[in-house]
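Student: Listed below are the residues making up each chain.
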Amino acid sequence: MFFRLIIARLVDLIFVLVSVSVVVFFMIRLIPGDAVAIMLGANTEVTPERMAGLRARLGLDQPVVQQYLAWIDAALSGDFGTSLWTGRPVLDEIAVHVWPTLQLTLLSLLIGAGLAVPAGCLMAELRGRLADAIMRVATVVGLTIPSFWLGIVMILVIAALAPSVQALGYVAFSDDPLDNVARLLLPAVTLALPILANLSRLLRSAMLDALTQDYIRTARAKGATERSVVYVHALRNALIPFVTSVGIMTGYLLGGAIVVEQVFAIPGLGRLILGAIAERNYPLLQATILLVTCGFVVVNFVVDMLYLAIDPRVRA
Amino acid sequence: MRRLAHNRLLVLAVGFVALQALLAVFAPIVSPHDPLEQHVLARLRGPGGTYWLGTDQFGRDVLSRIIYGCRASLAVSATAVAAALLAGGTLGLLASYYRGWLERIVMRLMDVLFAFPVLLLAIGIVAVLGPRNSTAAVAIAIVYTPIFARLLRGPALVICESDYVMSALAVGASDMRVIFMHVLPNLMSVVLVQTSLLLSAAILVEASLSFLGLGTQPPTPSLGLMLSEGRNFLMLSPWSAIFAGIAILFLSFGINLLGDVLRDTLDPRLRGER
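Residue numbers (the numbering used here), protein chains in the order written: chain A, 28 to 343; chain B, 7 to 280.
Note that these hints are calculated values from the structure, not bench results.
No experiment lies behind these values; they were computed from the predicted model shown.
Just so you know, not all the hints are guaranteed correct.
A short, non-exhaustive set of chain A residues, derived as facing chain B with CB atoms under 8 angstroms [unchecked claim]:
| hint | residue |
| --- | --- |
| 1 | Val47 |
| 2 | Gln93 |
| 3 | Ala97 |
| 4 | Gly278 |
| 5 | Leu281 |
| 6 | Phe323 |
| 7 | Val325 |
| 8 | Val326 |
| 9 | Val329 |
| 10 | Val330 |
| 11 | Met332 |
| 12 | Leu333 |
| 13 | Ile337 |
Derived Cβ-Cβ restraints for the label pairs, each shown as a range [as the list claims (entries may be wrong)]:
| hint | chain 1 | residue 1 | chain 2 | residue 2 | range |
| --- | --- | --- | --- | --- | --- |
| 14 | B | Ala88 | A | Val38 | 53 to 61 angstroms |
| 15 | B | Leu242 | A | Ile161 | 41 to 49 angstroms |
| 16 | A | Ala35 | B | Leu163 | 39 to 47 angstroms |
| 17 | A | Gly302 | B | Gln63 | 20 to 28 angstroms |
| 18 | A | Met78 | B | Gly54 | 53 to 61 angstroms |
In silico negatives: residues of chain B with every beta carbon more than 12 angstroms from chain A [as the list claims (entries may be wrong)]:
| hint | residue |
| --- | --- |
| 19 | Asn13 |
| 20 | Leu92 |
| 21 | Gly136 |
| 22 | Val164 |
| 23 | Ala174 |
| 24 | Met241 |
| 25 | Ala250 |
| 26 | Leu257 |
Ideal Cβ placement from N, Cα and C applies to all residues, glycine included.
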């Protein structure tokens, strides 16, 4: 039974991955007007020879199905084509820019999810009191505060309070580990705030649900303290929906990182994507969107599997 | 007592949102200056005096630009969310009413769109269609369609299997009559709550797109654009960026709070405990 469930999930995963690749593939073909002329027009003069050359290079002179199969076949062996203007392999360009974004996403996830657990527990413990109400309003603010604005304000505050601190830019971890983390801290906090707000609200209501269950009454009946009821018995069960949401949050983080990177001048995937849009480098844009989305899908698959592993009720 | 407190909060939230909506609708009447007029001698002013919230790098009145920016932001996100509600809501409703292969196909398609990170898909769509106000709206509508379909399918399933829908079908009501007279009215509270929560999020997506230069194009006033332009003059005069951000926060916060309070008020199951 359990085995069949895993097979079914795997089939779902493959279906979604293939569909995502089809959507991304057709993206470039939905461009109004002649995509080749638009691409060339961004950087050079458009001549019929150049158009024919680029069309042949991108395989656009072949039937659509054949184009897709060739594209996906190359992509599966790690060849996403070459960047239109630099001529470098697209994968190399992405490899350079992926680390800052990954680091930023991971650090934000750690901060957001890490702080959400104590915050959510505290809100559940203090439920119905003034402190709980204040924290709830604070979470609405956290959810609706524009991250790029918060980033700008934090840069201003740092500049006013500690002018010597360099808050912008990115230093590779291998060059200076301390400076790397120090510079990523501010953008990570900016990015983490909405997921901290979201996850702590979610944990609060999951814990309130858990607190009405029979096993909580049992725990109280055998004399467990309120504290242990909340933090041990209720929390363990409330963490199950929490884990699922953490997976979904990575999607928000990957998108939000694009914006926050712009604010803090971090040379990550956001800069790569916006650069690709500005110079209409569609092959690069396509590959980046495809890889980031597949990464997100796989993360959610892993979370789904974790969910199966930790919650025996789903398996039954 | 609790319901009274909720109602007071509800009135507050409605008032806050209504005030902003009125400001946006009547922007030409309420804004003190022309948002595009450049007062060359009064550039990068701080708040106070003739220009209540100061001026930007071209000497344009920040308050007027914010009022017009709210108007643009609300117009784009509200249109987009309405379109997404119509498309996603219809798909979710039909899927849960007819079940079977229709449900499977619709929900599978929604799963595929849902697989993309929201902002990334929106950016991709705008990149393809060209950065404009209208394409930002199309992008947001497409991104939110699967979210609406998913959110409404669950509650719609429960209603479709309820006794009153069964009895309506038993006395021979047509599909359309059941959907419009029985299912839809009972779904309204969920629709109301989710629409306001998603509208609040859509405002942030619109602002993000404009901030990245993928939404409203200059010189049209836009909150996200004001932030990214103001960023270049932060050390000289941060006011235009700061006030534009506060305006986005107010818009999004008010509507989110409204959704939150509506959920607590409309959902009878939550009335006791929370």
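Student: For every hint, state whether the structure bears it out.
Tutor: Each hint, compared with the structure:
| no. | hint | result |
| --- | --- | --- |
| 1 | Val47 | holds, 5 angstroms |
| 2 | Gln93 | violated, 22 angstroms |
| 3 | Ala97 | violated, 21 angstroms |
| 4 | Gly278 | holds, 4 angstroms |
| 5 | Leu281 | holds, 5 angstroms |
| 6 | Phe323 | holds, 5 angstroms |
| 7 | Val325 | violated, 10 angstroms |
| 8 | Val326 | violated, 11 angstroms |
| 9 | Val329 | violated, 14 angstroms |
| 10 | Val330 | violated, 14 angstroms |
| 11 | Met332 | violated, 17 angstroms |
| 12 | Leu333 | violated, 18 angstroms |
| 13 | Ile337 | violated, 23 angstroms |
| 14 | B:Ala88 / A:Val38: 53 to 61 angstroms | violated, 36 angstroms |
| 15 | B:Leu242 / A:Ile161: 41 to 49 angstroms | violated, 37 angstroms |
| 16 | A:Ala35 / B:Leu163: 39 to 47 angstroms | violated, 20 angstroms |
| 17 | A:Gly302 / B:Gln63: 20 to 28 angstroms | holds, 25 angstroms |
| 18 | A:Met78 / B:Gly54: 53 to 61 angstroms | holds, 57 angstroms |
| 19 | Asn13 | holds, 16 angstroms |
| 20 | Leu92 | holds, 22 angstroms |
| 21 | Gly136 | violated, 7 angstroms |
| 22 | Val164 | holds, 18 angstroms |
| 23 | Ala174 | holds, 32 angstroms |
| 24 | Met241 | violated, 7 angstroms |
| 25 | Ala250 | violated, 8 angstroms |
| 26 | Leu257 | violated, 8 angstroms |
In summary, the structure is inconsistent with hints 2, 3, 7, 8, 9, 10, 11, 12, 13, 14, 15, 16, 21, 24, 25 and 26 from the numbered list given earlier, while agreeing with the others.
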